[in-house]
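2 protein chains.
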Amino acid sequence: MPHARSAPVTVREVGLRDGLQILPRVLPTAHKLEWIRLAHAAGLREIEVGSFVPAKLMPQLADTAELVAFANTLPGLQASVLVPNVKGAERAIEAGAHAMLLPLSASHAHSLANMKRTPDEVVADVRRIVDLRDAKGADCRIEIGISTAFGCTIQGRVEPAEVLRLVRAVRDAGVDRIGLADTVGYADPLQVQQLFASCLDAVGDTLSCAHFHDTRGLGVANVFAAWQAGMRRFDACTGGIGGCPHAPGASGNVATEDVAYLFASMGIPTGLDFAALLALRAQVAQWLEGEPLHGAIWRAGLPKTLVPA
Amino acid sequence: MPHARSAPVTVREVGLRDGLQILPRVLPTAHKLEWIRLAHAAGLREIEVGSFVPAKLMPQLADTAELVAFANTLPGLQASVLVPNVKGAERAIEAGAHAMLLPLSASHAHSLANMKRTPDEVVADVRRIVDLRDAKGADCRIEIGISTAFGCTIQGRVEPAEVLRLVRAVRDAGVDRIGLADTVGYADPLQVQQLFASCLDAVGDTLSCAHFHDTRGLGVANVFAAWQAGMRRFDACTGGIGGCPHAPGASGNVATEDVAYLFASMGIPTGLDFAALLALRAQVAQWLEGEPLHGAIWRAGLPKTLVPA
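In order, the protein sequence lines correspond to chains A and B. By numbering that gives the first Met the number 0, the letter at position 76 of the first sequence is numbered 75, and the numbering carries on one by one without gaps. By numbering that gives the first Met the number 0, the letter at position 280 of the second sequence is numbered 279, and the numbering carries on one by one without gaps.
Please note: incorrect hints may appear among the correct ones.
[To be verified] Subject to a maximum C-alpha distance of 16 Å in a straight line, what follows is the list of computed EDC-like cross-link-like pairs (lysine to aspartate or glutamate):
#, chain 1, residue 1, chain 2, residue 2
1, B, Lys303, A, Glu158
2, B, Lys135, B, Glu93
3, A, Lys86, A, Asp124
4, A, Lys86, A, Asp130
5, A, Lys303, B, Glu158
Calculated from the structure, these hints are not laboratory results.
Could you build the full structure based on these sequences and the hints that come with them?
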């Protein structure tokens with residue numbers, strides 16, 4: 000295990016990207032700016048603010064450059080953006096994002112359906128993007144999110160050996176960080192421990208993000224299992240928004256406030272202000288009235304043993 | 000760890016007792032009989048069918064003797080009943096229950112409020128009940144559920160040393176089984192691992208049940224953590240019914256179908272038929288129309304990688 004049990008945990012808020020991209024409505028930019036402001040005030044220091052995909056394809060995220068610019072005014076905040084290809088990477092660098100997240104699907108079938116390229120073609124693009132970033136001398140971290148790492152709704156089983164192969168390939172391509180994502184909510188805690196452990200063995204601390212959906216109720220258990228394997232950085236969405244187009248009614252990413260509660264309950268520092276996270280959730284619930292929100296801790300509140308004096 | 004990782008897991012359905020006791024409505028006996036029949040058909044072999052408390056205090060559970068009699072007609076089914084005192088124990092033995100569950104609160108304040116006795120007075124009653132059972136030569140297993148083992152809504156913190164003291168005291172009193180219960184949903188996975196591990200060290204396999212509420216979203220993670228500590232038997236409620244009077248809107252016990260899914264996803268045998276569990280949940284939802292049900296897996300269904308061929 001590369002980190003002490005008491006080492007702090009980082010939660011990255013991805014609701015503005017992974018949460019909003021699947022909703023039919025477009026949240027006004029003013030609300031997104033307020034979301035970023037409230038998230039920063041709650042102690043979040045990494046926020047995925049949007050994606051540089053064509054606005055035609057995803058009008059929900061068309062204001063990403065404006066959000067990056069605002070995020071860059073907040074002290075200590077690192078804004079990341081999802082980019083699907085070289086063109087998106089150029090826009091992320093232009094916008095001044097701290098980090099760009101490139102998805103790479105471990106499922107061949109999902110990669111073709113979602114990225115229109117094989118995983119190895121995506122790895123080749125990753126190399127081009129690293130070269131581009133280095134040629135420009137840009138200060139933009141490159142992070143790979145290995146999606147469908149625990150299974151795929153199209154292909155079914157995804158072999159751990161294939162995940163490991165891709166993790167090594169992108170490490171060799173020179174990326175800064177790699178994460179494993181359970182894109183469709185197939186992961187179980189034992190699988191999580193095993194896959195994170197073997198990837199940590201292979202690439203060490205370069206593996207530095209765990210991304211879970213709570214589609215089948217195992218999201219928080221999987222966060223715990225990844226933490227046991229040594230992970231100290233987790234993606235989450237305020238209110239567990241997002242869902243999955245392949246699982247109607249299912250919840251989305253693990254809820255930011257639930258992940259914050261998990262670690263608070265275990266005495267692990269996150270730097271997050273619980274009341275402020277719940278206030279953000281309430282605000283998001285109001286903006287997204289009619290959309291299902293998820294998560295658990297907001298209903299019952301903190302235990303008496305955890306309420307600050 | 001006393002058990003192999005591949006050892007089968009037993010799930011005890013407690014919805015008819017822990018679930019129904021908190022609901023204002025009285026479920027008709029015919030529905031309860033059908034619940035037991037469907038649960039047995041789904042592979043459940045331990046069911047807590049009710050409680051021998053005065054019908055005046057808990058009219059929801061007044062038909063417990065009739066449910067025990069029916070459960071005893073189903074092959075391989077072990078019916079347990081909750082009993083609060085010596086009088087209840089006598090009724091459990093008369094009814095022919097396979098097991099009686101005696102609650103013992105590790106929180107002094109909760110014990111006084113809920114049982115009108117101190118924990119040590121309850122331990123003295125446990126001794127009387129063991130003597131009574133032995134004197135009658137009755138074939139009724141005596142199991143202690145240590146409630147509020149992870150914290151208490153009245154008292155707040157509950158010391159692990161006090162839980163350990165009580166676990167040893169009831170072991171010395173000659174009970175057959177002991178379980179730890181997170182009655183109010185305060186437990187976190189690290190605390191669960193530590194307390195189960197230290198109690199297993201103290202009394203070995205006599206510690207044989209873990210009972211979690213999902214009040215704050217950590218229920219399934221706590222089941223996983225207890226399993227990691229070596230526990231192989233878990234309480235759960237169909238549809239996660241039950242709630243907590245101290246946490247309005249919060250869910251109750253971990254959902255039977257979610258616990259079944261957790262273990263199925265990890266490849267651990269439970270003997271449970273998933274489709275039959277979901278059918279039972281749908282039936283319970285219909286009987287309890289208007290009551291909030293909980294749990295996650297019923298919404299999204301099994302992953303493609305787990306659906307039986």
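Structure-inconsistent hints, enumerated in ascending order = Structure breaks no hint.
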